[in-house]
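*Asks:* With the hints as extra help, turn the sequences into a complete structure.
Following the working numbering, the residues of the sequence shown are numbered contiguously, the last one being 480.
Just so you know, these hints were derived from the structure itself, not from any lab. Yeah, the Cβ is synthetic: ideal placement off N, Cα and C, and Gly gets one too. A couple of the hints might just be wrong.
Claimed, not checked - Ranges of calculated distance between the beta carbons of each label pair, as one might list FRET restraints:
{"no.": "1", "residue 1": "Asp-451", "residue 2": "Asp-119", "range": "43 to 51 Å"}
{"no.": "2", "residue 1": "Gln-261", "residue 2": "Thr-83", "range": "18 to 26 Å"}
{"no.": "3", "residue 1": "Lys-430", "residue 2": "Gln-261", "range": "41 to 49 Å"}
{"no.": "4", "residue 1": "Glu-196", "residue 2": "Gly-370", "range": "25 to 33 Å"}
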Amino acid sequence: MEWPDWFVPKRYPHFDQPVRSPDQVRSIVECPEAVATRAFLPFIRFERTGRKYKNEQQPDGTIAGAFKKKPRDLKYASHVDSQILRHYAQLVSERYEEVISDKDIAASVLAYRRVDPPKCNIHFANDAFEWIESNAPSVALTFDVKDFFESLDHRILKQQWKVVLGTDELPADHYAVFRAITRYSWVERDGLFQAFGITKKKQKDWGKPICTPQQFRRLVRGECPGGGLIQTKTDRKGIPQGSPISALLSNIYMLPIDTRMAALARERGGLYLRYSDDILVICKPDDREKLTTALEEAIRDSKLELHDGLGKRSVCEATRDAEGVLTCHPPLQYLGFSFDGRTVRIRSQTLARFLRRMRKAVRREKHLAEVRAEKGGDPHPRRKRLYARYTHLGSRNFITGYAADARKVFKDDAIRAQLKPLWRDLHAQLVIEK
Numbered sequence: 047m048e049w050p051d052w053f054v055p056k057r058y059p060h061f062d063q064p065v066r067s068p069d070q071v072r073s074i075v076e077c078p079e080a081v082a083t084r085a086f087l088p089f090i091r092f093e094r095t096g097r098k099y100k101n102e103q104q105p106d107g108t109i110a111g112a113f114k115k116k117p118r119d120l121k122y123a124s125h126v127d128s129q130i131l132r133h134y135a136q137l138v139s140e141r142y143e144e145v146i147s148d149k150d151i152a153a154s155v156l157a158y159r160r161v162d163p164p165k166c167n168i169h170f171a172n173d174a175f176e177w178i179e180s181n182a183p184s185v186a187l188t189f190d191v192k193d194f195f196e197s198l199d200h201r202i203l204k205q206q207w208k209v210v211l212g213t214d215e216l217p218a219d220h221y222a223v224f225r226a227i228t229r230y231s232w233v234e235r236d237g238l239f240q241a242f243g244i245t246k247k248k249q250k251d252w253g254k255p256i257c258t259p260q261q262f263r264r265l266v267r268g269e270c271p272g273g274g275l276i277q278t279k280t281d282r283k284g285i286p287q288g289s290p291i292s293a294l295l296s297n298i299y300m301l302p303i304d305t306r307m308a309a310l311a312r313e314r315g316g317l318y319l320r321y322s323d324d325i326l327v328i329c330k331p332d333d334r335e336k337l338t339t340a341l342e343e344a345i346r347d348s349k350l351e352l353h354d355g356l357g358k359r360s361v362c363e364a365t366r367d368a369e370g371v372l373t374c375h376p377p378l379q380y381l382g383f384s385f386d387g388r389t390v391r392i393r394s395q396t397l398a399r400f401l402r403r404m405r406k407a408v409r410r411e412k413h414l415a416e417v418r419a420e421k422g423g424d425p426h427p428r429r430k431r432l433y434a435r436y437t438h439l440g441s442r443n444f445i446t447g448y449a450a451d452a453r454k455v456f457k458d459d460a461i462r463a464q465l466k467p468l469w470r471d472l473h474a475q476l477v478i479e480k
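*Replies:* This is how it looks when you write it as structure tokens:
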């Protein structure tokens, strides 16, 4: 049986049961009347914390870097609600593609879209670097939208949704989805799982609702003393990051900005690219202030804000010397890569993150080897597993997958040189004494 594009089966703990086939929910998902009257269940919220290396200006004016925790606020919908949101994302996406094609801005919007032929951030970065090579001297300006998903104004989002559909008002089913993604409710995952005794181990093979309807009414919705875990969105801005439709809606929201900036950049012989909340503008040096001002005005008109912090904005000057050699100063950092005008490298932060994961895995393997040795087992770390995940001997990992793809696209040996020390570091970690 061929499944519709909107159906993606997943198993995770939520207030309803996992959906195993589209026939279980087709009568709801593909029925506008059912969607229009649906009572969407609360999202489940959790934070995913990562570490990011950031340069910051010190009181004495010097620049110093340090690792800082960067929490991401994620929310995921129930199983049936996810299928509905995914279906409407597909419906609206078809209209959105028509709109950006008519406005001739499809080449400027890079993220959260299917392009033909398929491309990823590697190809997008390569396209930008090649454009700079062909249009030097130029200036590459990078910007970052502050708190992107959390800042989307609901009134503007609704208006842009109508623009994409070509209607004066949202149809009842689309309006129900709009409300479900703007005036939504949620429950904190940690408190919810603690209340019902759910552990990480139990989540691996989940096949039932978290609780019964009676427990939901008493303990989650709060019909008994001491109950009530639900919180509700009331500030009229922001959409949940992590839902099946949120990425598309962020693109729809940015339509006025993308249209205005792509046209202006083209008019001035420049280039405008946006990958989610990362914006790149490449222009002639004389047009730098004009395009920067235009972007700042467009962002303000959409009730958004650009980051002003160190590393969130950058200016890269691409020039050629008397012999025609291209230099980008400072090197342009874009979509995970660094371009100095001659070579392309993976960003040092990306490699450092991979190195931290590798060293953590080595420490764990050494600990497990010690545990096995105490029980009379093999006292050696499982090198085969480490090789498969963190070296060129693995079938598809960071080195043989992402980095290898980048080397093919950029045709640059600088990336190979970056990866060579990783093999030595892995073996150095294996022999370090505690």
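*Asks:* Hint by hint, say whether it matches the structure.
*Replies:* A quick look at each hint next to the structure:
In this structure the hint that Asp-451 and Asp-119 lie 43 to 51 Å apart at CB is violated, the actual value being about 30 Å. Between Gln-261 and Thr-83 the C-beta distance comes to about 25 Å, which sits within the given range of 18 to 26 Å. Between Lys-430 and Gln-261 the CB atoms are about 46 Å apart, so this pair conforms to the stated range of 41 to 49 Å. Taken as a hint, the range 25 to 33 Å is violated for the pair Glu-196 and Gly-370, whose Cβ atoms sit roughly 46 Å apart.
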